[in-house]
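Asker: Each chain, letter by letter, is given below.
Protein chains: 2
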Amino acid sequence: MRLEGGFWGPRLETNRRVTLPIQLEQCRKTGRIDAWRLTWKPGEPNPPHIFWDSDVGKWIEAAAYSLAQHPDPQLEAAIDEVVELMAAAQLPDGYLNSHYVAVEPQNRWTNLRDNHELYCAGHLMEGAVAYYQATGKRKFLNILCRYADHIAAVFGRDEGQLHGYCGHPEIELALVKLYRVTGEEGYLEQARYFIDERGTQPHYYDIEARMRGDDPGRYWAKTYEYLQAHAPFRQQDKVVGHAVRAMYLYSGAADVAAETGDLSLLEACKRLWEHVTTRRMYVTGGFGPTHTNEGFTFDYDLPNETAYAETCASIAFLFWSHRLLQIEGDSRYADEMERALYNGILSGVSLSGDRFFYANPLAVYPPAFANRGPTMGAVRQEWFDCACCPPNLARLLASLGGYIYSMDAQGIYVHLYVQGQAELQLPAGSVRIEQETEYPWNETVCLKVFPEKSLRFNLALRLPGWCRAPHARVNGEEINLHSLTRLGYAHVERQWQPGDMVELSLPMPVERIEAHPRVRMDAGRVALQRGPLVYCLEEADNGSDLHDLGLARGAEFMVEIDPALDGARVLVAQAMRRDISGWGGNLYRQTPSRQIRAQIKAVPYHLWGNRQVGEMLVWLRELG
Amino acid sequence: MRLEGGFWGPRLETNRRVTLPIQLEQCRKTGRIDAWRLTWKPGEPNPPHIFWDSDVGKWIEAAAYSLAQHPDPQLEAAIDEVVELMAAAQLPDGYLNSHYVAVEPQNRWTNLRDNHELYCAGHLMEGAVAYYQATGKRKFLNILCRYADHIAAVFGRDEGQLHGYCGHPEIELALVKLYRVTGEEGYLEQARYFIDERGTQPHYYDIEARMRGDDPGRYWAKTYEYLQAHAPFRQQDKVVGHAVRAMYLYSGAADVAAETGDLSLLEACKRLWEHVTTRRMYVTGGFGPTHTNEGFTFDYDLPNETAYAETCASIAFLFWSHRLLQIEGDSRYADEMERALYNGILSGVSLSGDRFFYANPLAVYPPAFANRGPTMGAVRQEWFDCACCPPNLARLLASLGGYIYSMDAQGIYVHLYVQGQAELQLPAGSVRIEQETEYPWNETVCLKVFPEKSLRFNLALRLPGWCRAPHARVNGEEINLHSLTRLGYAHVERQWQPGDMVELSLPMPVERIEAHPRVRMDAGRVALQRGPLVYCLEEADNGSDLHDLGLARGAEFMVEIDPALDGARVLVAQAMRRDISGWGGNLYRQTPSRQIRAQIKAVPYHLWGNRQVGEMLVWLRELG
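Those sequence lines, one after another, are chains A and B.
At position 255 of the first sequence (counting the first as 1) the number is 352 in the numbering used here, and the numbers step up by one without a gap.
At position 248 of the second sequence (counting the first as 1) the number is 345 in the numbering used here, and the numbers step up by one without a gap.
You may find that some hints are simply not true.
[Unchecked claim] Restraint-style ranges between C-beta atoms, simulated for each label pair:
1) B:S580 - A:R686: 38 to 48 Å
2) B:D334 - A:R686: 48 to 58 Å
3) B:G721 - A:N577: 37 to 47 Å
4) A:V669 - B:I693: 29 to 39 Å
5) B:E286 - A:Q687: 22 to 32 Å
6) B:I693 - A:R686: 29 to 39 Å
7) A:H300 - B:H300: 19 to 29 Å
8) A:S690 - B:H300: 54 to 64 Å
Derived from the structure by calculation, the hints contain no laboratory data.
Beta carbons are placed, not taken as given, at the ideal position from N, Cα and C, and that holds for glycine.
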C-alpha cells in the first residue's frame with residue numbers, strides 16, 4: 098500500500114523525513130541507545146530508565162514500517178547497530194532489559210506491577226517483528242524469540258513459575274504478533290496466559306508486594322482498577338483505570354480471541370468497547386479525562402480543559418478497534434477508528450513533524466495551563482521524559498497503509514478512504530486498487546479497480562457513520578447503496594474488469610454535534626464536524642475569550658481553504674460575543690450585556706496549536 | 098444589640114443552643130481540651146496538633162459573645178475550667194501552646210512558616226479579649242498578655258530577637274484587639290512589626306529553613322505567595338496564595354492602619370480589596386478557587402464545581418471589609434460583607450446547626466465529589482480534623498450584632514438590616530433603635546428611633562448596591578434619598594424624637610446576574626439573585642442533570658414561601674431541558690435534541706444541602 102498525495106501523503110512524508118530522524122536523535126542524545134552498552138555504574142547520572150526500551154522498540158518498529166516502503170540503507174544501518182548492542186546485552190538465559198541489567202540486576206521480575214519490564218519486552222518484540230517483515234533479517238527477531246522463551250519459562254501456572262503478568266499490558270498483543278510471524282503456538286499460549294491470569298485471586302500484586310516487603314494495601318494507585326487487574330478480564334464490564342494500559346490489554350485480548358475463537362474473550366472486548374464509546378470517549382476520540390490516573394473516572398465525565406486524552410490512548414484505541422473490526426466486520430469499529438485517527442491522534446504531532454502533544458485537551462486557556470508541565474501544556478514539545486507518545490505516532494503513521502483494506506474469502510473491504518494504491522492478493526488473483534481523493538477535505542472518492550484479469554469478487558465499501566446521504570456510481574452508473582449495505586458496508590459484488598471505476602460521494606455538510614445530556618460540560622454547546630473532522634476555534638483566528646462566543650442556531654457555515662494551514666478546509670460563520678468594553682471594573686452585574694457580532698473561524702482540531710500559543714475551544718456555546 | 102425574630106433570630110438561637118454545645122463536645126472528645134493537661138507522651142496516640150489551640154480559642158471567643166447576651170453559668174464554668182488548664186500549662190516565661198510544650202518543646206519558634214504557633218496565640222488572644230469583655234474576668238486575658246509579652250520579647254528588630262512572623266497571619270489583628278482592651282501600645286507596635294517585617298529581605302523563612310537544616314528552595318508550597326510573604330505588604334497589589342491567610346493579614350493591616358493612621362498600609366488594603374472584589378471573588382462571596390493552595394490562582398479563574406471557597410475565607414473577608422468600612426464609610430465594603438454573610442458564609446452551617454461545610458462550591462455533581470474527602474465533599478460534616486471553619490462560624494454568628502451599626506461624631510450608621518434592637522451611645526445621649534424586618538426575605542425595613550430625649554443626629558442608612566430603586570419615608574413622609582446619599586449611605590440628619598419611624602423600602606425583584614466575560618466558566622450563564630441572596634438549583638427540587646436546564650431570557654420568576662425550608666423565599670420559573678429519553682445509547686449525535694419544558698425551583702444558596710445529597714448549581718444556562 099503506497100499512500101502518496103492527497104491528505105496523508107505530505108503528513109507521511111514528514112513522518113519519514115522529519116519525525117523518524119529526530120526521534121532517533123532524541124533516543125541517542127537522551128541515552129536511550131547507549132543504555133544498551135550496559136556501562137552505567139551506580140552514582141553516575143542518567144541511569145537507564147525502566148521505560149526506555151519501549152521507546153527504542155517503538156522507534157525501530159516505526160522505522161521498519163518506513164523501510165518496507167522506502168528502502169534507506171542508512172536507517173537500516175542505524176537499526177542494525179542497535180540490534181548488535183541488544184545482542185551483546187542479552188543475558189545467557191535470554192533476559193533483555195537495559196534498565197534492570199545495568200541498574201538493579203538483583204531485582205528482575207520483582208515489581209511487575211509498577212516497573213514495565215514485560216511492557217518493554219512487548220515493544221521490543223513488536224519492533225523485531227516489524228523489522229523482520231520489512232527486511233527479512235532474523236537477528237533481532239531471534240533475540241526476541243529467545244527473550245520470549247525465557248519469559249515463557251519464568252511466567253506460567255506451573256510450580257516454580259511466577260504467576261504474574263505485567264502492570265502495563267502490551268506484551269499480550271506483542272506475543273500474538275510473534276506467534277503470527279513464527280508460527281510458535283507457545284507465544285499465543287503465553288499471551289493467553291497473561292490475559293487469563295490477570296486479576297485472579299490470590300492477587301499476584303498482593304503476593305509480589307509482600308515478597309518485596311511492601312504492604313499491598315499501600316499501593317500508590319490505591320486500586321487495581323488502575324491497571325485493569327481488579328477482576329478477571331472476562332468479568333470486566335467497565336473501562337477503568339489508566340487508559341493506555343486498558344486499550345493495550347483489550348487489543349491483546351482481541352488478538353487472542355481472534356486466534357483462538359474464544360467467544361468469552363470477544364464478548365468482554367465488545368462489551369468494553371461499547372461502554373467506552375457510549376460513555377467515556379471524547380468527541381475527538383480521546384480517552385481518559387484525568388491526569389490523576391492518566392485515565393478514566395466515571396460515565397459521562399468528559400471535562401474539556403483538564404482532559405488528559407493521551408495521544409497513546411487514542412492510538413491504542415485505534416489498534417483495538419481495528420482488531421474488533423477484523424473480527425466483526427462492523428463499520429462502527431471503523432467509524433471510531435477514523436474519529437480517533439483524524440482528531441485525537443493526529444493532533445499529537447505538529448504539521449512540521451517535530452513537536453508532539455502528550456495530552457490532547459478540548460479547551461485551552463493558557464493561564465490555566467501555565468503550571469501543568471510539558472505533558473499537559475498548551476504547546477507541543479520536542480520530546481518527553483516519558484516519551485511514549487512520539488514514537489507511537491511515528492509507528493502508527495508509518496503503518497497507516499495497513500489499516501485501509503482487508504480481505505475475506507469473498508473479497509476486499511475498504512475501511513478508510515485515502516489517496517494511494519494497493520496490491521491486494523485474493524485467492525483467485527491479485528487486484529490493484531487506486532484511490533484518488535482529497536478525503537477528508539473533499540467528499541469524492543474515486544476507486545479504480547485493476548484485477549490482474551476479469552475477476553468476480555465483493556468490494557465492500559465502508560459508508561461512514563457520520564455521512565447521512567452517501568452515493569456511489571460504478572462505471573458511471575448509480576448503484577442503490579441502501580440495498581447493498583450490511584453492518585455499514587456496501588457490498589458491491591460483480592465481475593470486476595481492469596479499469597472499473599467506483600465513484601463514492603460522501604456529502605460532508607458542517608454538522609453540529611451534541612453530547613449526551615449527561616455530559617455536564619457540554620450542555621448548551623455544540624462541536625462542529627465536517628466529514629470525520631472535528632473542528633475547534635483558536636485565539637489566532639478569533640481573538641481571546643473564546644468561551645464567550647455564541648453561535649446562533651441558524652448560523653450558516655462557509656467552507657474555505659486556508660493556505661496558511663497547508664490548504665486545510667476551515668469553517669467560517671457569524672457568531673455573537675459580549676461587548677467586554679462595557680464592563681469596566683465590574684465582576685458581576687445585573688444589566689444584561691450588549692451582544693456584538695463576531696465572525697468566527699474554526700480549524701480542524703488536529704491542526705490546533707500549529708501557530709502561536711493561545712486559547713482553543715472545541716465545544717462552542719449555542720445560542721437559543 | 099439583641100437580634101430576635103426575623104431572619105437571624107432563629108439562626109442565632111440555633112447557634113447558641115446547638116452549635117456552641119456540640120463544638121465544645123467535639124473539642125473535648127477529640128482531645129483538644131485535654132491537650133492542655135500536657136500529659137501526652139511520645140508513642141501515645143492522638144498527639145496534640147499544631148492547630149488545636151486555635152480551635153479552642155475560637156470556640157471560647159464564640160461562647161464569650163454568647164455569654165455577653167445570654168448569661169449561662171454552665172457555659173461560663175466550662176470556659177473557666179479550660180482557662181485553669183491553660184494557666185497551669187503556661188510556662189514560666191509566658192509561652193503557651195499545647196502542641197509544642199507536650200510534643201516538641203525543643204522546637205519552639207523553629208518553623209513559623211508552617212506550624213501556626215503565632216496563629217494559635219492570636220486565636221487565644223481573641224478568645225481572651227472576648228471573654229474579658231463578656232464577663233469582666235481578667236484571668237484569661239492576663240494569661241494572654243503574659244504570652245503576648247513573651248512574644249514581644251522573642252520577635253522584633255533588636256539583636257538577639259527573631260526577625261520572624263507567622264506563616265498564617267492572625268496574630269496581627271489579635272494583638273490590636275489586645276491593645277484596644279488593655280491600652281498597651283506595645284501590642285499595637287508588635288502587630289505593626291509583624292506586618293512590616295513580612296516579606297522583607299533577607300527572607301526570614303529562608304533563614305529559618307536553613308537553621309532547621311532544610312533547603313528553603315524545597316519549600317513544599319513552592320512560593321511565598323502562598324502565605325503573602327513574597328513581598329513587603331505595602332508593595333503587594335494582587336491577592337494571592339492561601340485565601341484565609343490573606344484575609345487575616347489584610348484585616349490586621351487594616352486594624353494597624355486604623356490605629357496608626359498609616360496611609361500606606363491603608364492604600365495597600367484598599368488596592369487589594371479592589372483587586373479581589375473585581376477579579377477573584379465568587380458571586381457568593383467565596384474566595385480561593387482551588388484546593389491546591391486553598392487559595393487564589395489567576396484573575397477571573399472562578400471554577401464552580403472545583404471551587405474551594407473556604408468558609409473561613411469568606412468570614413475573614415467579612416472581617417476585613419468591616420474594618421475598611423469603618424475607616425472609609427463606603428457602602429461598597431458593606432455590600433460585599435453582606436454578599437459573603439448571606440451566601441458563602443451562611444452556607445457553611447446547616448439549618449440544624451450541627452453540620453458544617455469547609456469548602457463551598459458553586460456546583461455539585463455528586464459522582465465528581467465522591468473521592469474528595471470531608472473538607473471538599475457534597476455533604477456538611479460534624480467536624481473536621483482541621484476544624485477551623487465550625488468555630489469560626491460560631492463566633493461570627495454569636496457576634497453578628499456588632500456588625501449592624503457604627504457611630505461617628507455626627508451620628509449612627511446602619512450597615513445591615515436585621516430584626517432586633519440596639520442601645521447606641523452618642524456623645525449627646527443614648528439612642529435605642531428597633532428594626533422590624535423580615536429582610537432579606539422581604540423588602541421592607543422599619544426602623545424605630547428612640548433617643549433618650551429629643552436629639553439632633555445623623556442617621557446614615559445604607560442603600561444596598563444590589564437595590565436599583567430604594568425608597569424611604571420618615572414618619573410617613575417620603576424623603577429624597579438621592580439627594581441625601583454619599584458613598585452609598587443616605588444621611589438623614591434631623592432632630593429625632595422618641596418613636597420616630599423610618600420605613601425603608603428596598604425592592605428586590607429577581608435579578609439575573611452576569612459574570613464578567615473573562616470568567617470562562619460562567620459565559621452564557623446567569624446567577625439568580627434576590628436582594629442580597631444568591632440562589633441555586635438543587636436536585637431535590639429539579640431532578641438530576643441540572644446543567645442541562647436552560648432559562649429563556651424572558652422567563653418570569655414567582656417568589657414563593659417554602660415551609661419545608663423554614664419559610665425561605667424560593668423562586669419558581671419555567672425552563673427547558675433536553676429530552677434524555679430520545680438519546681438511547683448515543684454519546685454524540687448530529688440531530689438536535691428535542692427540548693421539553695421543565696419547571697424549576699431555586700433556593701437560597703446558603704440553604705443548599707439541607708435535604709438529601711444531590712446536584713446543586715448556581716450558574717444557570719440562559720437560552721438565547
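Asker: Take the hints in turn and mark each one as holding or not.
Answerer: Against the structure, the hints come out as follows:
{"no.": "1", "hint": "B:S580 - A:R686: 38 to 48 Å", "result": "violated (25 Å)"}
{"no.": "2", "hint": "B:D334 - A:R686: 48 to 58 Å", "result": "violated (24 Å)"}
{"no.": "3", "hint": "B:G721 - A:N577: 37 to 47 Å", "result": "holds (43 Å)"}
{"no.": "4", "hint": "A:V669 - B:I693: 29 to 39 Å", "result": "holds (33 Å)"}
{"no.": "5", "hint": "B:E286 - A:Q687: 22 to 32 Å", "result": "violated (46 Å)"}
{"no.": "6", "hint": "B:I693 - A:R686: 29 to 39 Å", "result": "holds (31 Å)"}
{"no.": "7", "hint": "A:H300 - B:H300: 19 to 29 Å", "result": "violated (50 Å)"}
{"no.": "8", "hint": "A:S690 - B:H300: 54 to 64 Å", "result": "violated (44 Å)"}
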